[in-house]
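Student: Take a look at the letters that make up each chain.
There are 6 protein chains.
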Amino acid sequence: MKNKTALIISAHAADFVWRAGGAIALHAEKGYEVTVVCLSYGERGESAKLWKQDGMNLDRVKQARQQEAKTAADVLGVHDIQFLDMGDYPLDFTSEARDRLVDTIRLVQPDFMMSHSMWDPYNTDHMNTTRFVLEARMVAQAWGHNPGEKVLGAPQLYLFEPHQTEQMGWKPDTFLDITEVWQKKKAAIECMQGQEHLWQFYTNVAENRGNHFRRNSGGQAGGRNTEYAEGFQSVFPRTVDEL
Amino acid sequence: MKNKTALIISAHAADFVWRAGGAIALHAEKGYEVTVVCLSYGERGESAKLWKQDGMNLDRVKQARQQEAKTAADVLGVHDIQFLDMGDYPLDFTSEARDRLVDTIRLVQPDFMMSHSMWDPYNTDHMNTTRFVLEARMVAQAWGHNPGEKVLGAPQLYLFEPHQTEQMGWKPDTFLDITEVWQKKKAAIECMQGQEHLWQFYTNVAENRGNHFRRNSGGQAGGRNTEYAEGFQSVFPRTVDEL
Amino acid sequence: MKNKTALIISAHAADFVWRAGGAIALHAEKGYEVTVVCLSYGERGESAKLWKQDGMNLDRVKQARQQEAKTAADVLGVHDIQFLDMGDYPLDFTSEARDRLVDTIRLVQPDFMMSHSMWDPYNTDHMNTTRFVLEARMVAQAWGHNPGEKVLGAPQLYLFEPHQTEQMGWKPDTFLDITEVWQKKKAAIECMQGQEHLWQFYTNVAENRGNHFRRNSGGQAGGRNTEYAEGFQSVFPRTVDEL
Amino acid sequence: MKNKTALIISAHAADFVWRAGGAIALHAEKGYEVTVVCLSYGERGESAKLWKQDGMNLDRVKQARQQEAKTAADVLGVHDIQFLDMGDYPLDFTSEARDRLVDTIRLVQPDFMMSHSMWDPYNTDHMNTTRFVLEARMVAQAWGHNPGEKVLGAPQLYLFEPHQTEQMGWKPDTFLDITEVWQKKKAAIECMQGQEHLWQFYTNVAENRGNHFRRNSGGQAGGRNTEYAEGFQSVFPRTVDEL
Amino acid sequence: MKNKTALIISAHAADFVWRAGGAIALHAEKGYEVTVVCLSYGERGESAKLWKQDGMNLDRVKQARQQEAKTAADVLGVHDIQFLDMGDYPLDFTSEARDRLVDTIRLVQPDFMMSHSMWDPYNTDHMNTTRFVLEARMVAQAWGHNPGEKVLGAPQLYLFEPHQTEQMGWKPDTFLDITEVWQKKKAAIECMQGQEHLWQFYTNVAENRGNHFRRNSGGQAGGRNTEYAEGFQSVFPRTVDEL
Amino acid sequence: MKNKTALIISAHAADFVWRAGGAIALHAEKGYEVTVVCLSYGERGESAKLWKQDGMNLDRVKQARQQEAKTAADVLGVHDIQFLDMGDYPLDFTSEARDRLVDTIRLVQPDFMMSHSMWDPYNTDHMNTTRFVLEARMVAQAWGHNPGEKVLGAPQLYLFEPHQTEQMGWKPDTFLDITEVWQKKKAAIECMQGQEHLWQFYTNVAENRGNHFRRNSGGQAGGRNTEYAEGFQSVFPRTVDEL
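Protein chains in written order, with the numbering used here: chain D, 1 to 243; chain X, 1 to 243; chain B, 1 to 243; chain A, 1 to 243; chain S, 1 to 243; chain H, 1 to 243.
Simulated from the structure, these hints should not be mistaken for laboratory data.
Backbone N, C-alpha and C define an ideal beta-carbon position, used for all residues, glycine too.
Keep in mind that the hints are not guaranteed to be accurate.
Claimed, not checked - Stretch-level coverage of chain S by chain X, calculated; a stretch enters the list once three of its residues show a Cβ under 8 Å from a Cβ in chain X:
| no. | segment |
| --- | --- |
| 1 | 23 to 34 |
| 2 | 109 to 123 |
Unchecked claim - Interface residues of chain S toward chain A, partial, derived using beta-carbon atoms under 10 Å:
| no. | residue |
| --- | --- |
| 3 | Val151 |
| 4 | Thr203 |
| 5 | Val235 |
Let the hints inform the model, and build the full structure from the sequences given.
Tutor: Rendered as structure tokens:
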């Protein structure tokens, strides 16, 4: 029987680590084949530390960022990581890139997808990525796009946690307990040599989301003893057999 | 081992039937003990047909409405139905009524709760009920309220479907397949002799929510063959181990 | 004296039928010349049933869909139907297509316009169409665009009902009684052979909007005896001489 | 045949003048019987100028404010003005006051109602008034409230313009041309001796809403030559026979 | 010359510490006289640890909580701390309590005020407090309330950070650098013996808000080297002489 | 020492005058070097009066509009005004235009930036400009864009007042006193010969914003005696050392 699958679309090379590393590692341990698609390396906009080095150029930055992302992906148990190399700051959303993403979506046939928040005035790449993903998801569902291929069902699209949640209008409706894979997420975070200033930040986030998990799983009466969690916002309604 | 439980708070006697009858019947079949609390009989505001009869008075209306509600509750497999008799149009939200609801919440220790939409300009009883429920839920969690009693955990509060969803700002995030209990819901609806004009309306709602269930469970590629569904909006985030 | 006119912009060939068929038929009966512009045939994304037939190709799908749309338009009394053939899933919004739409807007000089909801995460074609229409409306008002042509006034833009209203953030502020033209809308719906699964859905919608019409025209005290209605959201404020 | 009627609910004595004086005068000229209900005189919170006079007390302030309001009402052609004397800053919303308002609503059987914006962090009296009005409207529709009386239909509730529109989240969807009654509104405004600092402010508002009326009635292509207008937000959807 | 002043309204005894301890300590160091008003001790709802002790009763809980709050207030340099003892879970908002708060507001004549988020489905005391504060602020501005007293100007009302910001719809528009008073806030936090489980949580919050401060003060190009910050949402617009 | 700087991005030639003329003149007087970038001349969409003249063509309209804008800029004390000539109705947002704007941003290194509202259904140029500015601001912050140049910090982006504030969802959080430069703004407004119908409109706006300034600076108790003001909405949170 086919394994379950998940597809994470990351605007820049490191986004999937900070924002969804726990979900990736946890579902990988559960047997999901998790595919990560990085639209860019974050080579221009999220590599300040590298650009401060002498003799740096775009290719070397890309290479370094790709290497970090691959290492982090290995640590998290990612099944496949792809780099669409669409440029960053800003991403260049061509129809060719969209068709490549559609191909991947159809190949993976994900049980769920993940991407960025709907709004981000600091970083238009993030919000544009989510629009791009919604469009690709729609195309992947179209019977007339590459007729004969297996069309996509209706996977949930989760929006992972942005940097300043309130400014992005992001509201988590789902907290995932990542306590048992926290060491993997921590190790993956520490692959991101160029952004060491964010390590403690996302550790704090994971701890505080753990608190939110405990509060929502049992209130003041107890609740689960979760230490680390991640939050997600769902785009689509769930379909269930029990509340 | 203790059965699972659910607590439905209905502003007027019939609300739980139109809006959550499927969820009640389904969970009753699954072994949940479902308690319904009707804050009023809808005796003044939702009994137009009765009031048009000669010689009608408040007690007779209440009696008739209570009888309908009890019959419908039986059909749905409700474990317990309570009538707080708080008056309607408008409901009178006293601290005594709140404490009675808190008592019930603590006794039931619900796995989930249900109430009305957050906003309803047509019917302030509905939105005030939800505020009242949020307050009672908070008190039920307080260690210092009737110390020694078992305090409440953190059950989800689902908001069931209002009459004009868009005007109420209600957005369902969860669709529940009620196909297998549809006949029970239909029978319960037909207990509401005084509001026959709503029978077809809520049948249409159930069918169209079935369409939404199919769309969200599998898109154009297929999806589950659900015929009837109900929609709910969650107030609190979920805490999960798998997405 | 010139007839009144209306302009309906439909992302895919069938949208105008489900969502505005009643308004079209009613205004046609009132003497409006109603023009429908279909940006695409919905050939790739909304023709699943056709694509499941052997030997199907894009041209044959387009032809079949065009035929259905034309037949439905005839049934509804449409004055003119145009197909911009912009492709679908996704629509390709070129400046040439925009200028063609501007030309039509200026020729028609509509008393009101209609298009899709502002937001649709399931179908980005829908929301992108509305943006495209807003842009075309703006250009049609510009004195410097094709100087000498008659510029557009300030027609209302109504947003017709999307498939899952609450997910689209669509809120109707206007209900139109379509009882007297319901048979025409029903007949037009039944022209859509490829989407038979939606016939009952939109019949239910029309009945339930009829209920909303009754509720808003007279509350519990009575109200108009409307059987079928359609709902619309206005983008712009109305200008009136009496409230 | 019975005249058309309108009912304006004003938290403090002067609100109806600034915010709806044009609508009142215009509809009075059209033959509507317009009833104004002032919940208070604004005696404590909106009479600063009076309180700065020597020897002022609550009764004298109320008297002065009542006199101003009555004079303004006369100028506007108000049919009936009532003062519920509920106190202000804050208003005291008792069930007795609500029942009095319900009585008036039922007597007037208004074709439309008017009240304040839904939100006002500067002045909680305003937003609480609107909640109170919604509740009274609901009770007036209940067949079981004072059975035998004529119950209310479903009149629109318009929200008139607050002082700082954007802070109140108020969005007008209807502009009313008040050019022909502007002199009456101006005269009524000038009855408000205690708030002379607002005369120019609301003249500017009327002129600028005139601009908005012109823009929305015809865009850059022309539009009606309206000089003065008032804006209103509708709470409920309209039910129409033509768009 | 009179010192500047600030007024912090805290629903329960500890709220001012977690949410505004830094702002209090910082402004106290700048010479502001900071008054804290605790509407309750949080005796029923936020004292779980105390209630788990043998022989506990309401008075002892209140005493313990009052003692903690006073000690924390001392550490932060609070000028005056008041306890209105309105009960908690739920707070009892009487007109007498409101008048007491109005008296304090007028005495303090605060340069700014602070209170809770506008919405909190977990804890209705929080959001009801903010409504209560808005009402008291309005009354304190009324010339007719206790005529002769100095009326209030128009101080900003800041909403301090709630526990789960996104669920509360709280969006900070102002970050305050509290690095230099962090040790005081930390010491005040550690006065809260009954809620040790929140110490680390609010330390993480302060660190991550420090990150947000750095990001907003200088982006990727640098920015101020802030280590700890607090976030606030403003209710009213600012009035300035320079942007 | 370097002067402070500001950068105003105006979709069409006249926008900066109506919406930010006071802020420009005031900051120029304070020693800021204010740069204005006009993306277009508003030659097609905002020059109706010119197009009604015989023998008009696009170049002549552009020239006339450029002349007006330059004259107004001089009156306001603008340091530098640039015209990107991107076309209007609609603006053509190429990557080349973006890079030119990024160059200007980096050269100016603004202490604050200004642009249009986020939403404008009447004029998509306005809202698209703000998206374009957010993207350019992001690119200007990227170390890998033209490495070696000084990257941008994190200047505030203020959104100036649109024509119909409520329809645009624009909410001012900052009022600026422009009383002392009002004569300059008035003179600049009167440079706009082609849009004389807006002179009185924006004079009224300035007066009424003066009223809002007074209300927010001191309430009913007094407040500053401001006569003219402008309102702005901030996109990003402020970072401060005192509340």
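Student: For the segment 23 to 34 of chain S, do three or more residues have a beta carbon lying closer than 8 Å to a beta carbon of chain X?
Tutor: As far as the segment 23 to 34 of chain S goes, the hint is violated, because 0 residues have Cβ atoms under 8 Å from chain X.
Student: For the hint on S/Thr203, just tell me whether its beta-carbon gets within less than 10 Å of chain A.
Tutor: 32 Å, violated
Student: Under 10 Å, Cβ to Cβ, is where S/Val235 needs to be relative to chain A, so tell me if that hint holds or is violated.
Tutor: Nearest chain A Cβ about 5 Å off; hint holds.
Student: Taking a Cβ-to-Cβ distance below 8 Å as contact, does the segment 109 to 123 of chain S have at least three residues touching chain X?
Tutor: With 3 residues close enough to chain X, the hint holds.
Student: Closer than 10 Å between Cβ atoms is the bar; does S/Val151 clear it against chain A? Give me holds or violated.
Tutor: 8 Å, holds
In summary, the numbered hints that this structure violates are 1 and 4.
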